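**Q** Residue numbers (our numbering), protein chains in the order written: chain A, 11 to 220; chain B, 4 to 294.
Don't read these hints as lab results, they were simulated from the structure.
You may find that some hints are simply not true.
[Stated by the list, open to error] Below, simulated BS3-like cross-link-like pairs (lysine-lysine); rule was C-alpha separation at most 27 Å, straight line:
#1 A:K129 x B:K269
#2 A:K180 x B:K269
#3 A:K180 x A:K50
#4 B:K269 x A:K182
#5 B:K276 x B:K228
Please read all numbers here as calculations on a predicted model, not as lab measurements.
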Amino acid sequence: MLRRVSFVAAGVVIVVIAVVAFVGLFMLPRPGPLEGTTTKLHLETVAAVGSALEWPRPNDPHADWVSYLPTTTWTVPANSTIQVQIDQEDGASGLRNPFWGKVFGTEGATMHVTFFDDKGSPQESDMTSIDPTQAAHTFAIPDLGVFVPLLGVNPNAPANSTNVITFSFKTKGPGRYRWQCFVPCGAKTIFGNGGPMQTIGYMGGTLIVT
Amino acid sequence: MGVFRIEEADRPHMWRLLVVWVILSVAGVLAVMQIHYPPYDQSIQGQDQARTLALLTALATPVFIAVVMLLLYSAIYFRRTTRELVDGPPMLGNTPIQIAWVAISSALVIFLAIFGIVTLSNESVAQLVGAPGRTIGGGQTGGGTTGEENKEIHVQVIAQQWYFTYRYPDYGGVETTHLYLPVNHPVELHVTSLDIIHSFWAYQLGVKADANPGVDNIFHVTPQKAGSFQVRCSELCGLWHGSMVDSEGQVVSQGDFDTWIAQQQKDFETIAKAVPTYAPYYFPEPLTKGS
């Protein structure tokens, strides 16, 4: 009798230990630090897609529309650092909400800008915000908390000048994130929010995080 | 044409239906009272809405069960047994039954009307919609509401294609990208737009308000449970309307709110001078670009 009880007790103890070990081994491991890759994203913002300096689309049905180029669908890896370079060729038209003149969500909450001053001389600087009236466009991915104002090319800059804005941000998990411009830059449309602002492929698109 | 009356042969049907209806109604009412009705109870106003939904559902349940039960019972027990088409006996009506259903329906409607009036008179619900044009908080340099438990916090909700931002005039007019509210503290929301018509919908808080350019739309809410809530636009507003969502709204403790708003004020300093002073509403500027 005692022997049977001992076997049963031992069996119960073994099962309990096995269950605890199984659950414990399942629960305890933690994923290591996410070692995402660094991806470069090179974009161009232009006043008219037909006359872009780098990636012109002269046969575009709306050759005079503002746009991001060369594409508005960007695929990047998850949990990674994305280094962005935007060659900004358009002039300033101003933000409707000046609040977006501040840089949000980039690493260090800053951006590096090469630009031209009022004398037309090249300058460069790290910036955390710009004068909202001098914004040409914004690079914004709301669901990632990324909002970057893009300084307009100074009218005194030499012809075909480009401001170069560089910054980096981190992606989250896989998914589709919309991006958009917050400057009402649809020329000759009511409130500036028509045309390229309401058409995918110009001032809005999708960031595909895989 | 005869007067409608329940024949002796039909009385078993009547009693059977009555007993089944009572049992199903009691069970149905008990069941629907277990449902957690939207928008739940994260705010006092949301809880009132959920309670009203629960009451309406509970009152409607016996009626719904009666209709469905009579329909199914008749289809099963009184279905035509031959292929011959025969009219039923013509009937004029039955005064007691007519008086009964008119009286019961009237009682239900009058009860709901009284309940609605009392609910609307309730302070929390009556506060939900306020009068336009009242003075806003402590202006641009106010220090907040710490220590003033009953003073409402003013928050301006600014819609634009396609995102909401928030200004806190009681805290120096700081503008933020997410909506944070302290728990158990009344809040006065001023909803407006910078471009076209949007609609601010904080679902879990039970608040939905149109956001029109040039209009200061005032609503009141008192969060009573800490946690996250979602803000979305509920007015079709263009290309990215479906993405005009912010899932990072938070109801937090007063201490956490004070810490958060202090950090927001610090972050805001870099752009504060460029942001115009607080105004109850704005008009779209510029009207057009490049024309």
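**Q** All hints are to be evaluated individually against the structure, with a verdict given for each.
**A** How the hints compare with the structure:
For a cut-off of 27 Å, the pair hint linking K129 (chain A) to K269 (chain B) is broken: about 33 Å separates their Cα positions. Of the supplied pair hints, the one linking K180 (chain A) and K269 (chain B) holds, its CA atoms being roughly 23 Å apart against a limit of 27 Å. A C-alpha spacing of about 12 Å is found between K180 (chain A) and K50 (chain A), which places the hinted pair at or below 27 Å, so the restraint holds. A threshold of 27 Å between alpha carbons decides the hint, and for K269 (chain B) with K182 (chain A) the separation of about 26 Å falls inside it, so the pair holds.
Taking the CA atoms of K276 (chain B) and K228 (chain B), the gap is near 35 Å; set against the 27 Å cutoff, the hint is violated.
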